[in-house]
Amino acid sequence: MKKYLLLLLLLIQPLFASAMEGIAQPPQDRRISLQVFNPERDVAYTIGELVPRTVVLEAKKPLTLLNTSLPIPGYERRWRGQVTGIELRTITHSQSLGTDSTTYILNLSYQIFTTGVTAKAAFLPAETIKFTDGKNIITYRIPEWGFRVSPIALFGSVKLEDDMSKYRGPLLLNPAPQKHHLKILLGIFGISLLGLLYILGMNTWLPRMGGPFARAYRDLRKLPDTPQGLQQAVERLHKALNLTAGTSVFSADNFITSKPAFAGLKGDIDQFFSLSRSVFFEPGAASGLQQPQQWLKRFCVSCRNYERGMK
Amino acid sequence: MDKQLTDWREQATLLEKEINQVVVGQQKPVRLITTAIFARGHVLLEGDVGVGKTTLLRAFTRGIGGGYERVEGTIDLMPTDLVYHTYLGEDGRPHVDAGPLLRSGENLAVFFFNEINRARPQVHSLLLRVMAERTLSAFNAEHRFPHMMVFADRNQVEKEETFEIPSAARDRFMMEIPIVVPSEADIMESLMFDTRYHDADKLVENVKPDILHFDKLNKIAAILQDEIQASPTLRQYALNLWRASKEPAKFGVSVEGIDVNRLVLAGASPRGMSMMLRAARVNAWLNGRGAILPEDIHAVYHETIAHRLVFSPVYEMRRTEIARELLGNTLQAIAAP
Chain A
1 MKKYLLLLLL LIQPLFASAM EGIAQPPQDR RISLQVFNPE RDVAYTIGEL
51 VPRTVVLEAK KPLTLLNTSL PIPGYERRWR GQVTGIELRT ITHSQSLGTD
101 STTYILNLSY QIFTTGVTAK AAFLPAETIK FTDGKNIITY RIPEWGFRVS
151 PIALFGSVKL EDDMSKYRGP LLLNPAPQKH HLKILLGIFG ISLLGLLYIL
201 GMNTWLPRMG GPFARAYRDL RKLPDTPQGL QQAVERLHKA LNLTAGTSVF
251 SADNFITSKP AFAGLKGDID QFFSLSRSVF FEPGAASGLQ QPQQWLKRFC
301 VSCRNYERGM K
Chain B
1001 MDKQLTDWRE QATLLEKEIN QVVVGQQKPV RLITTAIFAR GHVLLEGDVG
1051 VGKTTLLRAF TRGIGGGYER VEGTIDLMPT DLVYHTYLGE DGRPHVDAGP
1101 LLRSGENLAV FFFNEINRAR PQVHSLLLRV MAERTLSAFN AEHRFPHMMV
1151 FADRNQVEKE ETFEIPSAAR DRFMMEIPIV VPSEADIMES LMFDTRYHDA
1201 DKLVENVKPD ILHFDKLNKI AAILQDEIQA SPTLRQYALN LWRASKEPAK
1251 FGVSVEGIDV NRLVLAGASP RGMSMMLRAA RVNAWLNGRG AILPEDIHAV
1301 YHETIAHRLV FSPVYEMRRT EIARELLGNT LQAIAAP
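Respectively, the protein sequence lines represent chains A and B. In this text, residue positions in the first sequence follow our numbering: the first is 1, and each later residue adds one. In this text, residue positions in the second sequence follow our numbering: the first is 1001, and each later residue adds one.
Don't read these hints as lab results, they were simulated from the structure. Fair warning: this is a prediction, and the values are worked out from it, not measured in the lab. Ideal placement from N, C-alpha and C gives every residue a C-beta, glycine not left out. Some hints here could point you the wrong way.
So the derived list for chain A, only partly shown, Cβ under 7 Å to chain B, looks like this [what the hints assert, rightly or not]: (1) Tyr104; (2) Tyr198; (3) Glu235; (4) Asn254; (5) Gln271; (6) Ser274; (7) Ser278; (8) Phe280; (9) Glu282.
Bound-form chain A, shown alone (with noise of 0.2 Å):
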């Protein structure tokens, strides 16, 4: 129920603040148009520091302004009785004539003099200033501009949760764990996928890529051209033949009896046996290659051919 009121008090009181402040505000002549440059900053100011801030007044002819009315530096202000502890320190003004107006700078700066344990509320005063047209004396109100002055250190425990100022940004999380933890997980994503790449790569990219011969293919170019090599290139070859066939694999006829789709290669399978009896059974044989590692890698890609359906 609370939280209910709360919100709604929330919700109407930027209804309240705008009809507070027409109550507040007199009339203007219409005849002075006015621009404030406040700091960007209004939160954080600490005791000492200078606020500066540049009104610019434009007034029309006849009217002009009263330097006997403008603020003097060191006066001591007072809201319900309290002094506020922000004292004019320097002002400066100029001023420069137009056609039918008259434009005036005034540059402030305030001083900070108060201070208390938590952020508070604090304003530049609202200034009043004095034109005259050669007859009347027109007052002209300059508004104040709120920020929050914070304390140099804290004493105590504060419960931050309960100020509910609006001058106070959102209050921040320290991101640090969580970083440290998307870092890490970055990393095992990152090393995830080059493992899923390295799987896809060994398998297959797509349909009928990832088959025996393909991979036989890939580590035959990797195979030296020693006899070593060449008897690796022909027992890795048995291995794919094993594979596709789903069986040991001893003859040409014994392959294309399992696997007739490669019928077309059995004059280059007959001739793979006989370079396999040479290599591993019967040194003496000749196999009737001359290059039999170049022989080999065309025989595989053949083969690689016929397992993808690319006769």
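Keeping the supplied structure of chain A fixed, place chain B upon it in accordance with the hints.
Showing chain B alone in chain A's frame:
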């Protein structure tokens, strides 16, 4: 040496050709028996009644030459019946003559034991020694049979009045060769209608006698065993096959509907594997090669190993069928290289 081996191979091919003319549709058993002859191993034939086992063996006997003895396995056959027999002579006095084993002396080339499983275990026991050592002690003397090969056959279907051949006796045989009826229609028809197949004795006489010289077989067998090479890859392959016969599950061998971990009580014996390699060498030689290939092992693997495996008793009744699947799957599971 090469010429000698080539000459003998031609004679072996001639023998096969002669036998195949007499016993039709049995090319594979004929090749296996030829292999056993040159590997100097004993042969056990297994098959149904009347498929031509006896004719096949008689034809081979004629081709090999040398002394030939035959004995019929019967339930009342005693070991002594193989060694001698006694009778009353015309002079009215008892006489002792040499039995089938001793009759041909050292020239005994083929000892044909028909229906071996009808004989008693005592007879099997005597045969064990004769097969393993090719010697026999009788009449205070040791008789040697250096050229003898035992051919035996058995009928697996008929179980009455038969004795199971113990595994130790089976292990003495180099091969157990199944003989099945040819399935080709023309061969079946000629076996029925061709009159030359009606008289087995006359049929066997068509085989040219003494194609091989029985007393030189041991020598040529030793030469070809020395000459035919086995590469390291093949040795490793044979070793894997041996291990797989003992622990098939470890090599990924399975048999449908059977727990292979409980199936095999004993795999192939060292003698069995040695006989398998001897037969494989002969097969390589018969095919004109100087080294053994895996195919040479495959050609004799089932026939040299199946009868040596000892299965759990619960599977023994389906022995033939299980052994065929087990060994077939073993060859499919083990690669070379």
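Checked hints:
This hint is violated: Tyr104(A) has a C-beta 100 Å from the nearest C-beta of chain B, more than the 7 Å allowed. Contact between Tyr198(A) and chain B, as hinted, is not supported at the beta carbon level, the nearest pair being about 27 Å apart and thus beyond 7 Å. The beta carbon of Glu235(A) comes within 5 Å of a beta carbon in chain B, closer than 7 Å, and the hint placing it at the interface holds. Given the 7 Å rule on beta carbons, the hint for Asn254(A) is violated: about 9 Å separates it from the nearest Cβ of chain B.
The beta carbon of Gln271(A) comes no nearer than 16 Å to any beta carbon in chain B, farther than 7 Å, and the hint placing it at the interface is violated. With a least beta-carbon distance of about 11 Å to chain B, the hint placing Ser274(A) at the interface is violated under the 7 Å criterion. Hint on Ser278(A) is violated. Least Cβ distance to chain B is approximately 10 Å, over the 7 Å limit. Taken as an interface hint, Phe280(A) checks out: its beta carbon lies about 4 Å from the nearest beta carbon of chain B, inside 7 Å.
For Glu282(A), the interface hint holds, the least distance from its beta-carbon to any beta-carbon of chain B being 4 Å, beneath 7 Å.
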